[in-house]
Each structure stands twice: as C-alpha cells, then as structure tokens.
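Novice: Below, each chain spelled out in residue letters.
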Amino acid sequence: MFDRDLWREIFQSINMNRTRSLLSGFTVAFAILLFAILFGVANGLQNTFAEAFVDDASNSIFIRAGRTTKASNGLQAGRRIQFKNKDYDYIKEEFGDKVQYITSRLYRNVNASFRNEKNSYTVRACHPDHQYLENTKVTYGRFLNQSDMENKTKVVVIGRLVEEDLFIKTTPVGKYINLSGIQYKVVGVFEDDGGDNEERLIYMPLTTAQQVYGNNDYVDQINLTYNPNLKFDQALDFSNLITEKLKDRFSVASSDQRAIRVRNLANEAQAINQMTTGLGIIILVIGFGTLIAGVVGISNIMIFIVKERTKEIGIRKALGASPKSIVSIILIESILITLIAGFVGLFIGMGVVELAGPSLEKYFIKDAGVSTSTIIGATFTLIVAGGIAGYLPAKKASRIKPIVALRDD
Amino acid sequence: MLKINKLHKSYPIGDSSLHVLKGIDLSVESGEMVAIMGSSGSGKSTLLNIIGMLDEADEGEYVLDNVPIKNLTEKKAAIYRNKFLGFIFQSFNLINYKNALDNVALPLYYQGLKRKERIEKGLFHLEKVGLRDWADHLPNELSGGQKQRVAIARALAANPKLLLADEPTGALDTKTSHEIMEFIQSLNDEGKTILMVTHEEDIANMCKRIVRLKDGVIMEDTFVEQVRASQYV
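Residue numbers (the working numbering), protein chains in the order written: chain A, 676 to 1084; chain B, 22 to 254.
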C-alpha cells in the first residue's frame, strides 16, 4: 500500500483525467463543506446554552416569595410572603442530606466609593455556601466565612469589575470601601463566568446586612443545590416537595402559582440537553446523507473509469498484473479523491465558520467552530467512505477478463 | 516446451453453444517458430488465447515448460503469464498515457523489480529494438512500426520462454511488416520460441513451421523452408 510505484500509477491516472477527478470529488467536498458549517453552527448554539449555565451549578433550586393570588385559610389574596432566617433553618433541617449547599440572599443597592472613585452597585448578602452555588472564583483574598456570619463583621468580597472601577492604582484586599456611608473591609476579589452583571456585585455576610439594613431577619431569596446523587426524577420530586411544604408553612393555596416560586434548573438543563442532542442527530443525518450522495457519485464515476480503462486493465493483466494490484489501484484512487475532496470541503467549511463566527454571535451562536476530534473523525469517515465508493468498481475491475478486454473492436 | 493434448473449447451462444476447438494436439519444441493459420472462425485465435492463459480450455491437457496449466486461480495465471509469456498484439495494446520506456518496463513492475532496475532493463530492450532515443515519447507520437517495436520490447522485457504474436503485422503496411518480421526472425535466431497467428501466406512462410486450422481441427502441420524477411527490406 505504501509502495511508491503504486502511488506513481495512481497519480498518473488522476492526472490523466483531471476534470473527471475534480468533478467526482466535488460532491464529497460539498457534502463535507455543508457538514462542517452545520457542525460549527451547532457547536456555537451548544456553547451558548452551556454558557447560560456556567454561572450556576446545574443542580440548583431557587426559591422566591411573592404575593398570594388566592385566598386561603381565611387569609386574603394579595398578602405578601416574606422569608426569614427561620425559613432557611427550616429547609436545612427538614430536608437534611438532600441539600448539598444552601444560602439565603438579600439584595440592597448601594453607592460605593474608594478615595475619589464612586459608583453604584448591588450588594448581595449571603451565606458562605453561596460561593459553591454560583461557581464564584476567588482571585485574591478569601470568600466570606462562618466567623464573618457569627460576628456580623463588616467585610465584603467585590467583583472583578468593581475592582476595576474603584481600585485604579492599588490592590483592594485589606482596604476599606465606603458603601452608602459605612466602611467595610475588602477581604477578597472574585470572578464569575456569568457575565458582567455578576462581576459588578458585592458580597456581604447575611447577618451583617440584616443588622445594617433594617435590623431584622428578612431574607429575599433562598438558593440551594440538591445532592448530586439524586436522579432527574428524584430532583423534580424534591423541588415539588419543597414547594408543597413551604405553601403549607405559609398557608398558601396549593394552586397559587405566585406566592412561592421554586425554580429547578434540572428541568431546564434537561430540556436543553434534549434539544442539543436532537440538533446533533439532525446534523449528523444531514451530514451523512450528503456524504452518502457524494460516495454514490464517486462510486458512479469510478465505475465509469473502470469501464473506460477496461482495455488498459486487460493489458495489465496480460502482462502479469495480479487481481490484487488492480483492486488497489482503483480502491486507493477512490480513497485518495474522497480524502482530498473531503479535506478541501472541511477546510473551506472551517474557514467559513471562522470568518462568519463573530457576526453570528448576535444569533446566539458563540465560538462556532470545528474541533480537532471532529477532523480526525472526518478523516476516518472519509477513508471508509472512499473505500466503500471504490469497492464495487474495484471488484468489477478485478473481474475483467483480459481476453474480453483485448478483443479488437 | 509446449504440449497440447485433445484440447476442446466451446462458447455458449444463446441457448446453443459453438464448438470452436475440437480436439487439438500440438507439440512445440524450444527454439521453434510456428505460424498458426486459418480462415476467420477456424479457432486460431482461441487456440492462441488458451496457450496464452487468457482463456481456459474445457477439456484436454496443456503443459507449458513441464508445468501443467489447469484450474489456475487468477493470481497464479497472472504469475505464469508474467514469467512464461510475452504477448505481441495486432493493435499493439500500448498504454497510451505511459511513455515508451514505462510501457516496456510494466511487466518488470509486476515482477516486483526496483525502479532503477526496471529503467535499466527497459532501456536495454528499447535499445534492442532500436528505439532508445524514443524512450520518452508517448505511443501516439510513434509510427505503427515503432509502436509494434515498443510492444515487442515490452514482450521481451520479462525474458519470457515463449513469445505469442496475434497477427503482429495485421495493422502494418508491407514494408513495415517485413521490418517487424525481420526483427522477430532475429529473435528466433537467438533461440526464442515464437508462436504466431496470421492469415497472410507470405508472413507464415517466414516461419519455420505452419499449422493450418480449419473448423477447430488441425488440417495440416508442416515444416517449411524459412523465407528470410531481410531480402525484402
């Protein structure tokens, strides 16, 4: 197979019929081109979906409170539900080891200043567990800890963009920042893949915020992640159970959709997983469909070539060519045309995706591209495809009887 | 050298079959130059094809150089053809996209020789037929006589035991025919065994033995006084 003379023979044959080889390769090139573009776009879509989730752990459950829409237990509709620390404790105790991490959240808008720099930000007060719920990456210093909670210390962890805005010439850790008139010590800086808004936040211990902003034990929101060992159905059951128990606890009608809102990311993750899988299958089907069309095209042309070269093959056989050598000439020629055409298509496709990529971002297609593993897979597929395309013609060629081929017409 | 015993061959034509060879006995010794003659349909080409292992007999024995030729696989037939036989065709059958040298070297390629050796031997045989200067030319740049000489060089390249020629002068004018025959005679003088199918009396008379076929049987098998082609050239 790696005999130089065999390659010489094959290149001579391809060269002899350049147009024919070019045309037969065209379908395959086009098939792969289409495949590469579709694949790149699908990758981009997948990236967009994936990015929507990097912010939060995918086993997250968010619990929010609102106003009741229905009267229940003698209480009027329109009543406002307010979570408190004891609700956080209730969930933590009631559901035990089904809960992995849990945090409360309290939001306040503040005007922050450091030396001459000023800006307004949102403070998100929380428990130390929050770090794991939000995939927060601490770049300098530390995150909030249990001792901050117990001592209600006036410390904050600031986002990367807050640091960029306010701490222009110095590092923030250890400095004091003024938030609406009160000084807090910066103990850490964090990054978050969730986007700019996430990186403009300031984290503060929940207990500190409750004391400073109203001196109560109110909580805006409770977030938790469930035990990752729970299966999808169990996770859904779990969030339904939370909803039920909380509605019961706040005397909310079980059909009330607004008062207690529980959002389970598993639900959405599942839907999107199914969608991207479906999309992948569709693209594979389209890609393979076009590839098969290409293979049939090459096979057809190879059969024609064999017919055209019948006499030559007869001469070769009369001179002592073994059937194997005839088969390898046709087969390798077919594989070579398929492979070259395929790579041309692949690289044009990758080029198109690369060029069009940036302008596709507004259509929710991010980082569209074709990976190395795809290229390796495509190469393998092309060799197999070329082999399939060449098999029938090669078989036909090896069956040519020299006596028939040499008969003078 | 070559021994054929009670050879039969028929071809199916529709529902019936055409009995082409009806029991041929023929024996050729080393160094002979035999012409097989007969009108068209007499079976002379079929006989040559069977001797050339391009076709297989239905019945009978065929022994070439003490090797019985029977039930050959394609692979084995290819090896035997390459080792024992050199073919010269009426229509030359050169490969039109290969130059003269590559055409001559092709049997050597199938023998598995290295490229350098093939070029060396190919040039040697081209030299022998007087076309060394034409080595780089494609067949369509050569005249009919030159093409046939390239074909002869190709047939000789693998150093076969037996040269088979099917109407080698059929596509050539008289003068060129005589030149080719002169060359074939010189090969025979060097000791090559040659078997040739022809329907031209004067060409047949340039061989040493004439076998006449009619309706699938040998009518006549005579040794003749060889007419030298050189006197016409």
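Calculated from the structure, these hints are not laboratory results.
A virtual CB, placed ideally from N, CA and C, is assigned to each residue, including glycine.
It is possible that part of the hints are untrue.
[As the list claims (entries may be wrong)] Here are a few chain B residues that sit away from chain A, every Cβ distance over 10 Å (derived from the structure): (1) Leu75; (2) Asp76; (3) Asp157; (4) Lys182; (5) Asp194; (6) Arg233; (7) Gln252.
[As the list claims (entries may be wrong)] Restricting the straight-line Cα-Cα distance to at most 25 Å, the calculated cross-link-like pairs of lysine to aspartate or glutamate (DMTMM-like) are: (8) Lys119(B) / Asp680(A); (9) Lys986(A) / Asp36(B); (10) Lys1076(A) / Glu77(B); (11) Lys1070(A) / Glu82(B); (12) Lys1076(A) / Glu82(B); (13) Lys829(A) / Asp840(A); (14) Lys1076(A) / Glu80(B); (15) Lys1076(A) / Asp36(B); (16) Lys999(A) / Glu95(B); (17) Lys982(A) / Glu95(B); (18) Lys1071(A) / Glu95(B); (19) Lys986(A) / Glu77(B); (20) Lys986(A) / Glu222(B); (21) Lys1076(A) / Glu95(B); (22) Lys1076(A) / Asp79(B); (23) Lys1070(A) / Asp157(B); (24) Lys96(B) / Asp680(A); (25) Lys97(B) / Glu987(A); (26) Lys137(B) / Asp680(A); (27) Lys135(B) / Asp680(A); (28) Lys982(A) / Asp76(B); (29) Lys1071(A) / Asp76(B); (30) Lys982(A) / Glu80(B); (31) Lys97(B) / Asp680(A); (32) Lys135(B) / Asp840(A); (33) Lys24(B) / Glu241(B); (34) Lys96(B) / Asp840(A); (35) Lys999(A) / Asp223(B); (36) Lys104(B) / Asp868(A); (37) Lys119(B) / Glu839(A); (38) Lys142(B) / Asp680(A); (39) Lys986(A) / Asp157(B); (40) Lys137(B) / Glu987(A).
Novice: None of the hints should be skipped; say for each whether it holds.
Specialist: Hint check:
The beta carbon of Leu75(B) sits about 4 Å from the closest Cβ of chain A, which is not more than 10 Å, so the claim that it is off the interface is violated. With a least beta-carbon separation of about 5 Å from chain A, Asp76(B) fails to lie farther than 10 Å from that chain, contradicting its non-interface assignment. For Asp157(B), the requirement that its beta carbon stay farther than 10 Å from each beta carbon of chain A is met, with the minimum near 15 Å. Even its closest Cβ contact with chain A, about 14 Å, leaves Lys182(B) beyond 10 Å, as expected for a residue assigned away from the interface.
At roughly 18 Å from the closest C-beta of chain A, the C-beta of Asp194(B) stays outside 10 Å, upholding its exclusion from the interface. Every C-beta of chain A lies more than 10 Å from that of Arg233(B), the closest at about 22 Å, which supports listing it as non-interface. Distance check for Gln252(B) against chain A: the nearest CB is about 31 Å away, which clears 10 Å, and the non-interface claim stands. Between the alpha carbons of Lys119(B) and Asp680(A) the distance comes to roughly 13 Å, so the proposed pair stays at or under 25 Å and holds.
Pair hint Lys986(A) plus Asp36(B) does not hold up; C-alpha atoms about 28 Å apart against a cutoff of 25 Å. Straight-line distance between C-alpha atoms of Lys1076(A) and Glu77(B) comes to about 11 Å, which keeps the hinted pair within the 25 Å bound. The suggested pairing of Lys1070(A) with Glu82(B) is violated, with an alpha-carbon distance near 31 Å, which exceeds 25 Å. This hinted pair checks out: Lys1076(A) and Glu82(B) have alpha carbons roughly 22 Å apart, not beyond 25 Å.
For the proposed pair Lys829(A) and Asp840(A), the alpha carbon gap of about 21 Å is at most 25 Å, so the pair holds. For a cut-off of 25 Å, the pair hint linking Lys1076(A) to Glu80(B) stands: about 20 Å separates their Cα positions. Under the criterion of a C-alpha separation no larger than 25 Å, the hint pairing Lys1076(A) with Asp36(B) is consistent with the structure, at around 22 Å. Pair hint Lys999(A) plus Glu95(B) holds up; C-alpha atoms about 10 Å apart against a cutoff of 25 Å.
Only pairs whose Cα atoms come within 25 Å are accepted, and Lys982(A) paired with Glu95(B) is accepted, the gap being roughly 20 Å. As the CA atoms of Lys1071(A) and Glu95(B) are separated by approximately 14 Å, the hinted pair is consistent with the 25 Å bound. A hinted pair counts as satisfied when its Cα atoms are at most 25 Å apart, and Lys986(A) with Glu77(B) qualifies at roughly 19 Å. For a cut-off of 25 Å, the pair hint linking Lys986(A) to Glu222(B) is broken: about 30 Å separates their Cα positions.
Straight-line distance between C-alpha atoms of Lys1076(A) and Glu95(B) comes to about 10 Å, which keeps the hinted pair within the 25 Å bound. Restraint check: the Cα-Cα separation between Lys1076(A) and Asp79(B) comes to about 16 Å, which is no more than 25 Å; the hinted pair holds. Note on Lys1070(A) and Asp157(B): the hinted pairing is violated, with a Cα-Cα distance of about 33 Å set against a maximum of 25 Å. Between Lys96(B) and Asp680(A), the direct Cα distance comes to roughly 20 Å. Compliance with the 25 Å bound is thereby established for this hinted pair.
For the proposed pair Lys97(B) and Glu987(A), the alpha carbon gap of about 20 Å is at most 25 Å, so the pair holds. For a cut-off of 25 Å, the pair hint linking Lys137(B) to Asp680(A) stands: about 11 Å separates their Cα positions. In summary, the hint linking Lys135(B) to Asp680(A) is supported, as the alpha carbons are separated by about 9 Å, within the 25 Å threshold. For a cut-off of 25 Å, the pair hint linking Lys982(A) to Asp76(B) stands: about 21 Å separates their Cα positions.
A hinted pair counts as satisfied when its Cα atoms are at most 25 Å apart, and Lys1071(A) with Asp76(B) qualifies at roughly 18 Å. A threshold of 25 Å between alpha carbons decides the hint, and for Lys982(A) with Glu80(B) the separation of about 32 Å lies outside it, so the pair is violated. Restraint check: the Cα-Cα separation between Lys97(B) and Asp680(A) comes to about 22 Å, which is no more than 25 Å; the hinted pair holds. The suggested pairing of Lys135(B) with Asp840(A) is violated, with an alpha-carbon distance near 75 Å, which exceeds 25 Å.
Between Lys24(B) and Glu241(B) the CA atoms are separated by roughly 17 Å; this keeps the pair inside 25 Å, and the hint holds. Straight-line distance between C-alpha atoms of Lys96(B) and Asp840(A) comes to about 82 Å, which puts the hinted pair past the 25 Å bound. For the proposed pair Lys999(A) and Asp223(B), the alpha carbon gap of about 43 Å is over 25 Å, so the pair is violated. Distance check on the hinted pair: Lys104(B) and Asp868(A) sit about 75 Å apart at the alpha-carbon level, beyond 25 Å; violated.
Between the alpha carbons of Lys119(B) and Glu839(A) the distance comes to roughly 73 Å, so the proposed pair goes past 25 Å and is violated. For a cut-off of 25 Å, the pair hint linking Lys142(B) to Asp680(A) stands: about 17 Å separates their Cα positions. A hinted pair counts as satisfied when its Cα atoms are at most 25 Å apart, and Lys986(A) with Asp157(B) qualifies at roughly 22 Å. Restraint check for Lys137(B) and Glu987(A): the C-alpha separation of about 24 Å stays at or below 25 Å, so the hint holds.
In this structure, the hints that do not hold are numbers 1, 2, 9, 11, 20, 23, 30, 32, 34, 35, 36, 37, in rising order.
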